[in-house]
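Protein chains in written order, with full-length UniProt numbering: chain A, 1 to 274; chain B, 1 to 434; chain C, 1 to 281.
Treat the hints as calculated values from the structure; they're not laboratory data. Model, not experiment: these values are computed from the prediction. Be aware that one or more of the hints could be misleading.
[Said to hold, decoys possible] Label pairs and their computed distance ranges (CB to CB):
#, chain 1, residue 1, chain 2, residue 2, range
1, B, Asn74, A, Thr56, 19 to 25 Å
2, C, Gly90, A, Thr56, 46 to 52 Å
3, B, Gly202, C, Asp42, 42 to 48 Å
4, B, Gly202, A, Asn132, 41 to 47 Å
5, C, Ile122, B, Asp364, 50 to 56 Å
[To be verified] Simulated pairs of lysine to any residue, SDA-like, Cα-Cα distance not exceeding 20 Å:
#, chain 1, residue 1, chain 2, residue 2
6, C, Lys187, A, Thr175
7, C, Lys187, A, Glu163
8, B, Lys170, B, Trp342
[Claimed, not checked] Some chain C residues well away from chain B (every beta-carbon gap over 12 Å; in silico):
#, residue
9, Val70
10, Leu109
11, Val154
12, Pro173
13, Thr234
Ideal Cβ placement from N, Cα and C applies to all residues, glycine included.
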Amino acid sequence: MRLQRAIGNTSFWVFGGGLAIMFLVPLIWTAVASVSPHGATAQQDGYGFNNYRTLTEYDAGLLTYLWNSAYVSILTVVFTLGLSLLGGYAFARFRFPGRDALFLLIIAILMVPYATLLVPLWVLLGELGLRNSLFGLALVLTLYQLPFSMFMMRISFEAVPREIEESALVDGCGTFGVLRRVLVFAVWPGMITVGLFAFLHAWNDFIAPLFMINDSSRYPLSLAIATLRQQTMGAVDFGATQAGVVIMALPCLLLFVLLQRHYVRGFMSGALKG
Amino acid sequence: MRRSTRTRATTAVTAAVLALVMSACGGDDDTGTTGGDGDTSASLAEGVDDGSTITMWTRAATEAQSQRLVDAYNASHENQVELTVIPTDDYLPRVGTAAGAGELPDVLSLDVVFVPQFTTAGAYLDITERIDALPFADDLAQSHIEVGTLDGAKHVVPHTMDLSVLFYNKNLYEQAGLDPEAPPTTLQEFAEHARAVDALGGDVSGTFFGGNCGGCYVFTWWPSIWAAGADVMNEDGTESFLAEPEAQAVYDVWKGLVEDDIVAPGTQDEAGPTWTGVFPEGNIGVMPMPSTTLGLMPDTFETGVAPIPGVDGGESTFVGGDAIGISSNSEIPDAAWNFIAWTLGDEAQVEVVAQNRDVVARTDLASNEYSDQDPRLVTINEVAGVGRTPYSMRFGETFNDPQGPWLPLVRNYVFGDGSTLEQDNEAVDASLQS
Amino acid sequence: MYAAPAGVFVLLLFVVPLLLVGQMSASEWPLLQGSRGINLPDNYAGIADDRLFWPAVGFTLKYTVIVVVVLLVLAMGMALLVQERRRGVGFLRTAYFLPVSLGLASASLLFWGFYSPQIGPIDPILEWLGITDEPIRWIGTPNMALFSSIVLVVWKFAGFFMLILMVGLQSIPNEVYEAARVDGASKVQSFFRITLPLLRPSIALCLIISITGSLLAFDQFFILTNGGPDNSTTTVVMMIYREAFRRFDLGSAAALSVVVLLVLLVINIAQFRYLRRGADD
């Protein structure tokens, strides 16, 4: 029995650990590459942060771009959570005319290539006066986040045993009261997942801002870095590219590590499993 | 309650659809014609400087050049130019969408090979009279202007000139026993030099090219075809001559270098993004490069510059870079022209363009105080006069696009056995005529 | 009506643009000039004539099958691995998930450098070990280009699917497993008889996202392989991109998009029906 457990433990660590190393290697490499010396980059001799200096000094300045990105991302998270919390509740708990059609329609958003929908969206936002605004950009980003979020929240709500709300309903709560006082806490892990992905998507996407934003000073970081990377005629700067990857990734990695505690708490607390 | 909400939503949606359709259809109306009525020729040439805000778009590849011109202009004028820089790979989607909806900025700079499509679509104003009114009109480099000419009407002027020229590493030349002051004058000689340098061994290779990059082949190999007095396409850009003997002779020289492994590792797979980054590493003997990268060469070795020769002599260059014009959506064409005309004037060309070692857009300024300090710049400025910019309505999708038919043609020839040349060339023809 | 906000949102930002796509697909619509009037069915009829079309369809299907299988099997294994309560599980979970936090474009750029002969780390290591002295052509041959792209996609997305499956696993009540254990079911048995059926909604989500995402693959190939070498990794969406933004023909691009959308709808409705059977009871 003990031997068996030892073997189990060893294989767990060999498989799990080996896999973890394979997942980490590219990330570690890019961090190292971004400070390594290389011809035709800002970092010519020895290790150092010259590639990052190129980035921070670019055009409107790193802080402006960071702010734009943060603003758009947070707005996207708020929109996505709002729509998918209410929508997921509706899809999981209520029968209403057009339910399946609407759900399928939302999933169908995934099925239209980004490149196709952007031109009509661009025209539409122009009509609504939302082009070249970070608010309009957040709307577009929310749209593409909706299928995943809606599905995720629907699953989350469906996983909650009905008895919980029934007792609350008996206690005199309306359906909204149940959602606000009881269910929100039960679908917490799903909400964090949805919010996190909305953030990651909004933070990283540069195709939507490419179309929607005209002013360089309103560029989010992703677009600014895409611009910076292709500055020299017909050539891409390796150093600036990898430094850009790192700068883009850092806030996301940080966010994930910070949120992980919540996941663990959410997952591990047996109360949620009903 | 629910019904009225739904009705209202339906109405709003219907209105939005209608608006969409109408606005999307409104893109092709022709706004503005040449100049203003009753303008004197002075204001035709200079435009107006009345404190307007001029919007301008450029791709990231030429940002540095554009930004310098914009900064110098803004510092000395009432008008102010607001420059928006767009990632190079995504420039066409962005600009194309804006053109279709009639929402281009006042001033639009564009990779010159795409200019014919935009002029034909009516994206640029006819500026024939304005150009002709310039005191130095006859001295402007003509290749960009010609590509932007439609039915005799001129639409663009050169903005950033980017020429293909040979760069060679003088240090490696010396080590290989070659004369560093005698660059190749024929393509055959170029191949000999490359072989001599390659014989040094180690990390050193004779030459390099973007072997999986249609635009790179066009930019670096076509000049050798032109140098032999031949053409790559007919005048209308609808028929390819790229399977003709003159073209094959050029491919053959390069194919020989590939077969003998004189090219640097990674040549066959280089898709374009890094093709100019290999020479500055200092391990390449001689290769065609964009003139705009001269200022970026490291000082760890000495870089020589020479025109791209034909197989048996002659010289030519691909005059690439960005052309610039006033968009047909501009409501302030006179102010926009004030900026454009200024960028071509003596001050901007010498103190901004030439000072930064870029190629001047005027032949009369080919030799100036800055080029006098660096004879390599004179070489580049002079070869501009014999260079060409090819014209075709289908240029990008045929030659630049990795899914276009040109890339298979040249790759099959150089890396394969070349047996499909005729067939591949038919695909190029089909694409040019589509 | 809790679904109303989402409904209005989708109507305005999705259905309306989609109608315009439909109109485009039925019209001669150059990107640079706008609509030139209806030309039905030219845009649709022209699709199959394109020399790129059938190879692109073939490649896209091949890529999708490989990616979906590799991705889901790996993600399921990872999810089972990290849902156990053990010391160090947090570290593994973080390691697997970190690549997800990169954007696909960022990840593609990272691997583009990783595979590049100029700065890639693998060739120097192999050379140092004396295994090869020729650089590996990571994206130089059709098979290697496919392989390299799959590595990138699996690296980037495995953690994402792991997380979805993990959320699903956590929502299966412990009592079910305990009951099974009391009945003498082995771990393997309870995985196939309990876990998999109860995971249906999560698996459905994974399948829908991974199949749809793979069939619409674009960024990774656009950045990493450019559809090459010799068009061997050209996907259907790269064709759409080429029609719209290289050939400036929005009509053809829209027609191709509509066809793709219809195919995906059929696939997904079928999946949906099959996998949600039982979930709604």
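Here is how each hint holds up against the structure:
1. Asn74/B - Thr56/A: 19 to 25 Å: Check passed, 24 Å falls within 19 to 25 Å.
2. Gly90/C - Thr56/A: 46 to 52 Å: About 33 Å separates the Cβ atoms of Gly90/C and Thr56/A, which means 46 to 52 Å is violated.
3. Gly202/B - Asp42/C: 42 to 48 Å: violated, 58 Å
4. Gly202/B - Asn132/A: 41 to 47 Å: violated, 54 Å
5. Ile122/C - Asp364/B: 50 to 56 Å: With Cβ atoms ~53 Å apart, the hint holds.
6. Lys187/C - Thr175/A: violated, 40 Å
7. Lys187/C - Glu163/A: Distance of about 30 Å is beyond 20 Å: violated.
8. Lys170/B - Trp342/B: violated, 38 Å
9. Val70: The claim stands: Val70/C keeps its Cβ more than 12 Å from every Cβ of chain B (closest is about 24 Å).
10. Leu109: violated, 10 Å
11. Val154: Holds: least Cβ distance 22 Å, greater than 12 Å.
12. Pro173: With a cut-off of 12 Å, Pro173/C remains clear of chain B, as the shortest Cβ separation is near 38 Å.
13. Thr234: violated, 6 Å
The structure is inconsistent with the numbered hints 2, 3, 4, 6, 7, 8, 10, 13, although it conforms to all the rest.
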